[in-house]
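Chains as they are written, first to last, in the numbering used here: chain A, 1 to 378; chain B, 379 to 756.
In case anyone wonders, no lab produced these hints; they're calculated from the structure. Bear in mind the structure is a predicted one, so any value in this text is a computation, not a measurement. Beta carbons: idealized from backbone N, C-alpha and C, even for Gly. Any given hint might turn out to be false.
[To be verified] Chain A side only, calculated, beta carbon under 8 Å to chain B, not exhaustive:
1. LEU73
2. PHE83
3. GLY285
4. THR289
5. TYR320
6. VAL330
7. GLU333
[To be verified] The calculated lysine-lysine pairs, modelled on BS3-like cross-linking and capped at a C-alpha distance of 25 Å, are:
8. LYS592/B x LYS609/B
9. LYS51/A x LYS107/A
10. LYS584/B x LYS393/B
11. LYS393/B x LYS684/B
12. LYS609/B x LYS751/B
13. LYS384/B x LYS398/B
14. LYS43/A x LYS429/B
15. LYS206/A x LYS10/A
16. LYS6/A x LYS123/A
17. LYS671/B x LYS387/B
18. LYS6/A x LYS214/A
19. LYS20/A x LYS368/A
20. LYS387/B x LYS43/A
21. LYS746/B x LYS388/B
22. LYS421/B x LYS306/A
23. LYS51/A x LYS421/B
24. LYS684/B x LYS43/A
25. LYS393/B x LYS51/A
[Stated by the list, open to error] Counterexamples of contact, computed for chain B against chain A with all Cβ distances above 12 Å:
26. GLN460
27. TYR536
28. ASP682
29. HIS683
30. ARG704
31. THR719
Protein chains: 2
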Amino acid sequence: MAFDFKLTKKDLHSKARLGKITTPHGQIATPVFMPVGTQATVKAMTPEELKDIGVEILLSNTYHLYLRPGHELIREMGGLHQFMHWDRPILTDSGGYQVFSHNELRKIKEEGVYFQSHLDGSKHFLSPEKVMEIQEALGADIIMCLDECTPYPATRDYTITSMELTHRWASRCKERLGQGARGGKGQEKQALFGIVQGGMFQDLRKQSAEEITKISFDGYAIGGLSVGEDKVLMYEMVDAAIPYLPDDKPRYLMGVGTPEDLVEGVARGVDMFDCVMPTRNARNGTLFTKQGKLGIRNAQYANDHKPVEDDCGCYTCRNYSRAYLRHLFVANEILAARLGTTHNLYYYTNLMWGMRKAIEEDRFGEFKKEFYKNRNLE
Amino acid sequence: MAFDFKLTKKDLHSKARLGKITTPHGQIATPVFMPVGTQATVKAMTPEELKDIGVEILLSNTYHLYLRPGHELIREMGGLHQFMHWDRPILTDSGGYQVFSHNELRKIKEEGVYFQSHLDGSKHFLSPEKVMEIQEALGADIIMCLDECTPYPATRDYTITSMELTHRWASRCKERLGQGARGGKGQEKQALFGIVQGGMFQDLRKQSAEEITKISFDGYAIGGLSVGEDKVLMYEMVDAAIPYLPDDKPRYLMGVGTPEDLVEGVARGVDMFDCVMPTRNARNGTLFTKQGKLGIRNAQYANDHKPVEDDCGCYTCRNYSRAYLRHLFVANEILAARLGTTHNLYYYTNLMWGMRKAIEEDRFGEFKKEFYKNRNLE
Numbered sequence: 001m002a003f004d005f006k007l008t009k010k011d012l013h014s015k016a017r018l019g020k021i022t023t024p025h026g027q028i029a030t031p032v033f034m035p036v037g038t039q040a041t042v043k044a045m046t047p048e049e050l051k052d053i054g055v056e057i058l059l060s061n062t063y064h065l066y067l068r069p070g071h072e073l074i075r076e077m078g079g080l081h082q083f084m085h086w087d088r089p090i091l092t093d094s095g096g097y098q099v100f101s102h103n104e105l106r107k108i109k110e111e112g113v114y115f116q117s118h119l120d121g122s123k124h125f126l127s128p129e130k131v132m133e134i135q136e137a138l139g140a141d142i143i144m145c146l147d148e149c150t151p152y153p154a155t156r157d158y159t160i161t162s163m164e165l166t167h168r169w170a171s172r173c174k175e176r177l178g179q180g181a182r183g184g185k186g187q188e189k190q191a192l193f194g195i196v197q198g199g200m201f202q203d204l205r206k207q208s209a210e211e212i213t214k215i216s217f218d219g220y221a222i223g224g225l226s227v228g229e230d231k232v233l234m235y236e237m238v239d240a241a242i243p244y245l246p247d248d249k250p251r252y253l254m255g256v257g258t259p260e261d262l263v264e265g266v267a268r269g270v271d272m273f274d275c276v277m278p279t280r281n282a283r284n285g286t287l288f289t290k291q292g293k294l295g296i297r298n299a300q301y302a303n304d305h306k307p308v309e310d311d312c313g314c315y316t317c318r319n320y321s322r323a324y325l326r327h328l329f330v331a332n333e334i335l336a337a338r339l340g341t342t343h344n345l346y347y348y349t350n351l352m353w354g355m356r357k358a359i360e361e362d363r364f365g366e367f368k369k370e371f372y373k374n375r376n377l378e
Numbered sequence: 379m380a381f382d383f384k385l386t387k388k389d390l391h392s393k394a395r396l397g398k399i400t401t402p403h404g405q406i407a408t409p410v411f412m413p414v415g416t417q418a419t420v421k422a423m424t425p426e427e428l429k430d431i432g433v434e435i436l437l438s439n440t441y442h443l444y445l446r447p448g449h450e451l452i453r454e455m456g457g458l459h460q461f462m463h464w465d466r467p468i469l470t471d472s473g474g475y476q477v478f479s480h481n482e483l484r485k486i487k488e489e490g491v492y493f494q495s496h497l498d499g500s501k502h503f504l505s506p507e508k509v510m511e512i513q514e515a516l517g518a519d520i521i522m523c524l525d526e527c528t529p530y531p532a533t534r535d536y537t538i539t540s541m542e543l544t545h546r547w548a549s550r551c552k553e554r555l556g557q558g559a560r561g562g563k564g565q566e567k568q569a570l571f572g573i574v575q576g577g578m579f580q581d582l583r584k585q586s587a588e589e590i591t592k593i594s595f596d597g598y599a600i601g602g603l604s605v606g607e608d609k610v611l612m613y614e615m616v617d618a619a620i621p622y623l624p625d626d627k628p629r630y631l632m633g634v635g636t637p638e639d640l641v642e643g644v645a646r647g648v649d650m651f652d653c654v655m656p657t658r659n660a661r662n663g664t665l666f667t668k669q670g671k672l673g674i675r676n677a678q679y680a681n682d683h684k685p686v687e688d689d690c691g692c693y694t695c696r697n698y699s700r701a702y703l704r705h706l707f708v709a710n711e712i713l714a715a716r717l718g719t720t721h722n723l724y725y726y727t728n729l730m731w732g733m734r735k736a737i738e739e740d741r742f743g744e745f746k747k748e749f750y751k752n753r754n755l756e
């Protein structure tokens, strides 16, 4: 099936909305959180486990896969879905963010960005056209335009220059769509999302949203946030862009975020999120619960018979005590990363499910109140 | 149910035999391979996955659990089975081997062994009585006597002294059995196995087997092998002990070994094996196949569409290419350890199943010939 987005319901008291994305690899109920599978694997997890948790779409990183094992190899192996044994939708980012965050030595030019590999220092060049070629080889259902993730803080002048480059690159990506050799068999055209930049300036966010939507994409991302600014500023920037994005296309807040960010994002009309937070925190022993974050390595849990979260239905909470989990984390066992990741992704997926249900039942406002009332660990 | 062993069949042309061990946590078909769950987890695996593979019994390490998280904690948590969410049989070793192999500073006395923790250098003392207390707190179905694992090489004099200490310690363990506070609920008496030592001297192996069996245990282990000696010598020592062990008790060759060792051990009348080889090798990217060992990190597998082993029924081989596995190993992903361990434990479990089936069908000799014929990778 071709890519499609249907807006199915709008909340009466906020901008929260329900939708359904259709892709060649199945449907996605929105608002949705996308776990990150950087190197063609969501760290510590099998695809079957992700499905059991209820994950409907993954994000994978173009920058990492381009460098290792290489997009040509993945195309040869039948595309990313087949390579990693995941038959549900995938979104790949453009690689831009990683080039900017992993590379001190990057050089941004009109034609694209020159950088060195974080693996071996080898020299590389990514242009809008190259990024499209790579993402076509990977064969994800949704692919992203190359953008410059404006650094924080940045002057207004720098932000304007950066934003305008992002707009020109977006046009070049759109032009190049569908011309590369696709990875994966029998798939339809890939959906291409544009990215709104504009740094921490409300008027530039508006301007960027207007210009990017003029080019016309299958969906719209808000990029360059959660880069060090405070929450109030981040939400202001989301609020500044959203009114200028069309209702009938999905909206994706990139690299965000905490459970609070997801609730605030949904309330502001965001449909899609991704973040390494649930998976990375899990591997460090930080587990998400309704009450807030729980540091499972803490000595207070050494002989605690309770599960991480009392009423949680995840595999970890159904079968293991905090005492056992703490032991695994302290002993640096692989199973610790697995059980922690399982719980955190369940928490995130369940949080999104709870929000969708609340919007459906016209009680998103109550859900949000309840969400904040429960958080007494922090 | 109380511990029991039934010898159900003897091979006509070798000493290979079939049996059934009954424990409070279920039955075990022998000959059996026991995966090692050192720190109350078989590294990278969940209990459900081990069951799917067909694992019927685990080994866990008393030394490690005593030091971390501590046997008292595990008793308080309901015993090792409940702590680690494994409801099938468990065997714990005595901790002796780890004290001897992890500790340069150990001091062996008549009363027991003084040593320092490999974790923090703290000072500890293990005696036969203490080892029984710890293993009773852990609550495994089968527990082991404290022995001195005679170093290799060792003089005849040292070996005799060491062996005699092992015999005296065995008597003390037997005497102490059942007097400690048990971990785990509703379990019957634990089975206690004696250990044959005697270094690399055939007559001492015979003598040790005779003296240990005189004390009378629920099963008999052959210890102190696979410590650096060559294979011929190891098999000679097994051959020297086996005739002096009773037919109606299980025989356990400790810390062994390679697939070849399992086949040779079974042919010599061994019923039980344990070794870290399948799990540890898996994490290093060394995978077992009928043809021999496969180093999956090798560049030759970079774009190999085939599974690790063509006719293998394991989860890894059913779903992933060598190319993807190699990528995971090179990228140092946790899923690499999982998929590798799954395959290797399936290989080991399946090898034991093949041997049991062959003994059942009076074709163990052919099985062994076929086993060696296939091995062309090494």
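Check each numbered hint from earlier against the structure, then list the numbers of those it violates in ascending order. Numbers 3, 4, 8, 9, 11, 16, 17, 20, 25, 26, 28, 29, 30 and 31 - these are the hints that the structure violates, sorted from lowest upward.
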